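Just so you know, the protein sequences line up as chains V and W, in that order. Going by numbering that gives the first Met the number 0, the first sequence opens with residue 0, and the numbers climb by one from there. Going by numbering that gives the first Met the number 0, the second sequence opens with residue 0, and the numbers climb by one from there.
Keep in mind the hints are simulated off the structure, nothing from the lab. Treat the hints with care, since some could be wrong.
Unchecked claim - Okay, the calculated bits of chain V under chain W, using three or more residues with CB under 8 Å as the criterion:
id, region
1, 53-59
2, 64-77
3, 83-89
Claimed, not checked - Derived DEER-like restraints, expressed as beta-carbon distance ranges:
id, chain 1, residue 1, chain 2, residue 2, range
4, W, L104, V, D44, 22 to 30 Å
5, W, Y105, V, A74, 33 to 41 Å
6, V, R62, W, E11, 52 to 60 Å
7, W, S272, V, I55, 42 to 50 Å
8, W, R129, V, A25, 55 to 63 Å
9, W, M56, V, S12, 49 to 57 Å
10, V, I55, W, Y105, 51 to 59 Å
11, W, P150, V, A25, 37 to 45 Å
12, V, T45, W, M273, 35 to 43 Å
Said to hold, decoys possible - Quick list of in silico lysine-lysine cross-link-like pairs, DSS-like style, CA-CA up to 25 Å:
id, chain 1, residue 1, chain 2, residue 2
13, V, K9, W, K468
14, W, K88, V, K91
15, V, K91, W, K227
16, W, K227, W, K143
17, W, K468, W, K443
18, W, K402, W, K353
19, W, K143, V, K91
20, W, K372, W, K407
For clarity, every value in this text was computed on a predicted model and none was experimentally measured. The beta-carbon is built from N, C-alpha and C at its ideal position, and this holds for glycine as well.
Spelled out, the chains give:
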Amino acid sequence: MSVDHATVRKIASLARIAVTDDQVEAMVPELNNILGWIEQLGEVDTSAVQPMTAVIPNVLRLRDDVVTDGDVRDAVLKNAPQAEQGFFTVPKVIE
Amino acid sequence: MSSYRIQGTTGEWEVVIGLEVHAQVTSKSKLFSGAAASFGAEPNTQVSLIDAAMPGMLPVPNAECIRQAVRTGLAIDAQINRWSRFDRKNYFYADLPQGYQISQLYHPLVGEGHLEIDADEKAGILEAKRIGVERIHVEQDAGKLMHDQHPTRSYVDLNRSGVALMEIVSRPDMTSPAEAGAYLRKLRAILRYVGSCDGNMEEGSMRADVNVSVRRAGEELGTRTETKNVNSVRFVMQAIEHEANRQVDVLEAGGKIVQETRLFNPDTGTTRSMRSKEDAHDYRYFPDPDLLPLELTEAFVEECRASLPELPDAKRARYVETLGISAYNAAVLTAEVETARWFEALLNEGAEAKQASNWVMSELFGALNRLGKSIEDSPVSPSNAAELLKLVTDGTLSGSLAKQVFEKMLETGDSAGTIVERDGLKQTSDTGAIEAVIADVLAKNPGQLEQYRSGKEALFGFFVGQTMKAMAGKANPAVVNELLKKALG
Chain V
0 MSVDHATVRK
10 IASLARIAVT
20 DDQVEAMVPE
30 LNNILGWIEQ
40 LGEVDTSAVQ
50 PMTAVIPNVL
60 RLRDDVVTDG
70 DVRDAVLKNA
80 PQAEQGFFTV
90 PKVIE
Chain W
0 MSSYRIQGTT
10 GEWEVVIGLE
20 VHAQVTSKSK
30 LFSGAAASFG
40 AEPNTQVSLI
50 DAAMPGMLPV
60 PNAECIRQAV
70 RTGLAIDAQI
80 NRWSRFDRKN
90 YFYADLPQGY
100 QISQLYHPLV
110 GEGHLEIDAD
120 EKAGILEAKR
130 IGVERIHVEQ
140 DAGKLMHDQH
150 PTRSYVDLNR
160 SGVALMEIVS
170 RPDMTSPAEA
180 GAYLRKLRAI
190 LRYVGSCDGN
200 MEEGSMRADV
210 NVSVRRAGEE
220 LGTRTETKNV
230 NSVRFVMQAI
240 EHEANRQVDV
250 LEAGGKIVQE
260 TRLFNPDTGT
270 TRSMRSKEDA
280 HDYRYFPDPD
290 LLPLELTEAF
300 VEECRASLPE
310 LPDAKRARYV
320 ETLGISAYNA
330 AVLTAEVETA
340 RWFEALLNEG
350 AEAKQASNWV
360 MSELFGALNR
370 LGKSIEDSPV
380 SPSNAAELLK
390 LVTDGTLSGS
400 LAKQVFEKML
410 ETGDSAGTIV
420 ERDGLKQTSD
430 TGAIEAVIAD
440 VLAKNPGQLE
450 QYRSGKEALF
460 GFFVGQTMKA
470 MAGKANPAVV
480 NELLKKALG
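So here's chain V without its partners, still in its complex pose (with noise of 0.2 Å):
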């Protein structure tokens, strides 16, 4: 597998992180390279094997259904850029 400018603007697009013409120009062969050295793992034969979904034997922990959080909004809203009467605002996004 390996990646070429295209693709790498648009995975930058789609993360929303600028680039510049120089940036990918730099990034195709660093990327690429990296996925070289992933792709060898395929080398190992792993049919037999459990994929790992977690390196500690643990479940997953649930909790029970009662209300101990919320009721914060000024510490919600304070990194806000922008916010009016208890809401964030953003620039009017209309479909």
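Go by the hints and put chain W onto chain V.
Chain W alone, transformed into the frame defined by chain V:
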């Protein structure tokens, strides 16, 4: 198979429909945080730092949400996956602070199941039909955007952010708007019986994404479109109707259907394309590293199974087979869980099933309709209703007197017995009194008497009516009949 077809200019087209229903799980707190999940609070007051996606916050699943999704799966006879996992669905939107929705793409909690829609000849559903459910997975809801509060800004309320949803994905097994409507109603009934979702479509607790395609009879499936977030049964049916006709028009004009997301406009009943972005469906799903796989024990699943109530289809069958109620009455009485509960409370108070079912269907529903009330707010309680029915059975009240008493019960909230005593509405079987009235009626209507005796027997009803009227409806009709026959001899 439904007989529903779109008549194009070049021939007939079949419609193929699949529904993805988002149902809000009934729970006190959210799927991954301890903030309240209730509807209608002040903006951003039911938001924890987890829901606002502050750095370093870790999600912990709510056991009740998992339990309700499993119970829902069991209610539609679905496979319950003892091992499932949460994935991140990545996209950017102002109502999604995390930048991803935690959902289940690869290993959903609930697998293949099904439900049955009932025959409804008037709606063109000729026989009962099984509709497949492909899967149910659990996921987070997003926040809410408001666009009408400010000229250049959108307002964001995160109260809904992180509330648990079940996404219930049907097989493309429906072939008419009526079948889709019946499926939604049946699904809603099951959710409400189970208690896993309140099914309130106006408040957005249940909404549907509608997948529609058309094809010539016998051909392969056509390209589908998905109309998002339709929030009533009627709108879903309208959206299908419009979308199917639009697709036929496009195809017959030589065009092609584009696989796309569309929006429904409830004011016009039409759909329109959402600004289609090529990347929009590139969600780059991957397992959420904050959450271990969800493993269910047999004991947990069995506890879920044991907690299920009798479901609508089983209840309806029991009403018909064991209680002897007509199929139509049984269908209506079991369609909504509140109706069934009220009816069963009435039976528990000692009412006889058939009599009670007829009374609920005609008298109670008529009154509730007139008053604009739902059965939960009925001014007459099941125990008061049972007393009224008992007074009819033991002959204290005739049918018409019972109607009068019921009206007074609705007005005053008093019990039937109290009203009968206070207003003297008891039916009389006093033969002496009835005979006296009959003699009077015959004396006052010599013409009719003459005609009756010369063979016009249809006038018998006239004499019954006159007698009852003279006794203000309180005479026992059976006794009146008997005595009249004797008097007219």
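Straight-line Cα separation of K88 (chain W) and K91 (chain V) no greater than 25 Å? holds (24 Å)
Can you let me know if the beta-carbon spacing of P150 (chain W) and A25 (chain V) is within 37 to 45 Å? At roughly 43 Å between Cβ atoms, A25 (chain V) and P150 (chain W) fall inside 37 to 45 Å, so the hint holds.
Holds or violated: the 51 to 59 Å window for the beta-carbon distance between I55 (chain V) and Y105 (chain W)? Given range 51 to 59 Å: violated, Cβ gap about 22 Å.
Would the hint linking K143 (chain W) and K91 (chain V) be met if the CA-CA limit is 25 Å? holds (13 Å)
Just to be careful, I want the Cα atoms of K9 (chain V) and K468 (chain W) compared with a cutoff of 25 Å; is the pair within it? Measuring from Cα to Cα gives roughly 87 Å; hence the hint is violated.
State whether the coverage of the region 53-59 of chain V by chain W holds or is violated, taking the criterion as 3 or more residues with Cβ-Cβ distances under 8 Å. holds (count 4)
Tell me if the beta carbons of T45 (chain V) and M273 (chain W) are separated by a distance inside 35 to 43 Å. Given range 35 to 43 Å: holds, Cβ gap about 42 Å.
Between the region 83-89 of chain V and chain W, are there enough contacts, at least three residues with CB-CB distance under 8 Å, for the coverage claim to hold? The restraint on the region 83-89 of chain V holds, since 7 of its residues have a Cβ under 8 Å from chain W and three suffice.
For the pair we were handed, K468 (chain W) and K443 (chain W), check the Cα-Cα distance against 25 Å. Status holds; Cα separation ~14 Å.
Taking 8 Å as the C-beta cutoff, is the stated coverage of the region 64-77 of chain V by chain W satisfied by three or more residues? Satisfied; 12 residues make the cut.
Need the status of pair K402 (chain W), K353 (chain W): alpha-carbon distance at most 25 Å? holds (18 Å)
25 Å limit on alpha-carbon distance, applied to hinted pair K91 (chain V) and K227 (chain W): holds (21 Å)
Checked against the numbered hints above, the structure breaks hints 9, 10, 13 and satisfies the rest.
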